[in-house]
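Undergrad: In case you want the letters, here they are:
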Amino acid sequence: MKNKKNKDKVLISPGHRACAGCGQMISAKAATEGMGNNVIVANATGCLEVTTTPYPQSAWKMPWIHSLFENASAIASGIKAALNYKGKHGEGRAKNIKVIAQGGDGGTFDIGFGLISGMWERGEDILYICYDTEAYSNTGVQASGATPWAASTTTTPAGTGKNIDAIGSHQNKKDMISIALAHGLPYVAQSTAGYPMDITAKVKKALEIKGPAYIQIMTPCIPGWKVKPSDAMKLGKLGVETGLYPLLEYIDGKLVNSSKIDKKVKVEEYLKLQGRFKHLFKTARGKKQIEYIQKLADENIKKYELKK
Amino acid sequence: MLNMTIDLTSKPGSAKANKTGGWRTFIPKTDKNVCIGCGTCERVCPEDAIEMKKDKRHKGLRPKTDMNFCKGCGLCAEECPVKAIKMEREEK
Amino acid sequence: MTNTNNQILEGSRAIALTIKKIRPGVISAYPITPQTHIVEDLSQFKADGEVDYEYVRAESEFAAASIVEGASATGVRVYTATSSQGLLLMTEVLYNIAGMRLPVVLTCANRGVSAPITIWNDHQDSVTMRDAGWIQFYAENHQEAVEQHIIAYKVAEQLGLPAMVNIDGFVLTHSYESVRIPSEADIKKFLPDYKPKKNGYLDPANPKTMGAFATPAHYMEIRQALHDDMVDALKVIIGEYQAYREIISDSAPFSTSKQLMDNGLLEYHGPKKAKTIIIALGSVAGTIKEAFERSNNVGVLKLKVMRPFPEQHVLDIIEQVKPQNIAVIEKAISLGAEGPLAMDIKTALYGKTKAKVQSFIAGLGGRDITKSMIKKIARDIEKEDDEVKFVGSVN
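Chains as they are written, first to last, in this note's numbering: chain B, 1 to 308; chain P, 1001 to 1092; chain Z, 2001 to 2395.
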């Protein structure tokens, strides 16, 4: 009975065209379970949009709008403003409707970045969810500002040359969590596809807290990361256990929850399952990159106080 | 006359008309005697194709997978805490 | 006709006061010269507690257009205003708004585009947007701007089409003229409170999906419907132009004796038969009318709407007046071709008249267009070649 009730809260229907085992779908489904039934969603262009809404079909069960790649946040601001207006003009129920904007890492870290900052400045009561596949999955896995060090993507391919380009991506992942915190958001959280219940709980919490909220979820992309269709959650968990992608929760700028690490898992365990990192295991130069990635994980462990 | 005849909106959940079961190469087989009815598979299924239902022959709930939609990703098998689900190549 | 409600107002203020009385629910804008006075006034009304709209400060025109799009999709009346680079930055959103069939109304305070950067008036900004699926009005003066805003909402909300009212930057936005703003009661009679189409907006009580993507099986019909409705807007604009005069108590009189046609889409001033017709958009039409006030052989055709293009109505005038020469004077150029309006006119008249149609580009980046320049165009058109001419340029 409990499970049945839970099922009704899932606001994505079957029939969507996401890849088998899609990490973003696991996460989006879990996110909808925390949304409740009184919500409007603005979705950026990307896999999550394309796979769910081929006209005249839709997998979404809540009022949902897609406009462009970069403006889900501003669309959400407009929705919020309209609801505020309606709330004052005879439609009291509008006041209680929650507004969510969501998109992938391309729409969040890159092309939609300025508009998200604008939305956060305005302090509107909107939750923004970023499904971070660490590349432009929808267009064929090109690098984005969220692509991690040494990942091979179609625009940062690993190569055989002597210069730095050979290692794959050689930019560090943009720290969106810090950027969100710098905007003074009352709620900032990070999660991964490995923990659907954590995602649901964080969405619920974010919607309870008044003011802008940001949740970033690491969502393994099966073809983009070149991983097995059954491995998205395993990778989500390894991201957390290595310290590379910890579960985090900030309330009013204070770190109130983080995933404590019992026994540190080496980053190799996470990297070796993924085709996008396989070049690192073949050369001495690649090994050096693995050491550097280990250093990034260790820094996270310190920064987010992950040690038990 | 005005042409506003094309409705540009889509109905909620109407993607259900699209059966994705044909994508499947591997099919999940659940040993309902090993299954403890925890509902993990239901939660992790990216298709929302698994429902925990009462099962006459077993105590508690057992998963019922809608094969119209199961894409055969194997997440349910991978995440099952008691390894009650096995992925088998599907004969079509 | 006696007008007791005339006020001497800056063009921007006249528009802001009109928008105030139209009562949008959400306004969002980003400042750009020469649009600023409009949005400053609208912000002041809000600060003074005179209005109940939500005013959302946007961090770019791209955001402003997106914000009003989101609000319109949630079922409220919206407004934004911009200019030049701002309109160009909005481009992607403007196309999207039209495709989503949202009745957003926007004022474009027309200004040239960069580079070189200019703040002065021409139509290169809005003309660039003519294929976006927005109704485009062009105002000659303050009074027409006021009227076109009210009509724009009425037409947009009926057809689910966005509308842009173009007013010449500085020439209209920063100049003072005598103008009548209709009363809020009259406006409401003409333009009732906005009721979005059932199923056509975001509401948890009716959880529809908006903005789905279309495969080749659907895309073309959806774009065709948008075109068909744009074409139908011609009739609707004519009807609403009439209705406006019937309902709004002190609206401007219909045509004067010198006008053969005045229907909301275009206006013809001049002799019943003319040797030359000059066609123009916006405030320069006033200068042209003055230049040929007493002419027996030159008429002036002012287009008030460029999209949808009133092809048949242009043709009707040409067939009645039977000119030998048609000079299209415009403040825009399709670089490497000719004036975009001249192309439209040529298309409309193709095979229907022997008259010569020539494109004259004038007033780019705020260059003065004088009566003597215009008179010279009328004299020279007979001997000129067919090439596009830049009037008033030293080159």
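Misleading hints may appear alongside valid ones.
Claimed, not checked - Covered stretches of chain Z (chain P as the covering partner; in silico rule of three or more C-beta atoms under 8 Å from a C-beta of chain P): (1) 2198-2211; (2) 2218-2225.
What the hints assert, rightly or not - Partial chain B-side listing against chain Z, Cβ under 7 Å, derived: (3) Pro63; (4) Phe113; (5) Leu115; (6) Asn172.
Hints listed in this document are in silico derivations from the structure and should not be mistaken for laboratory results.
Cβ atoms here follow ideal geometry from the backbone N, Cα and C, with glycine treated the same way.
Undergrad: Looking back at the numbered hints, which does the structure fail to meet, lowest number first?
TA: 4, 6
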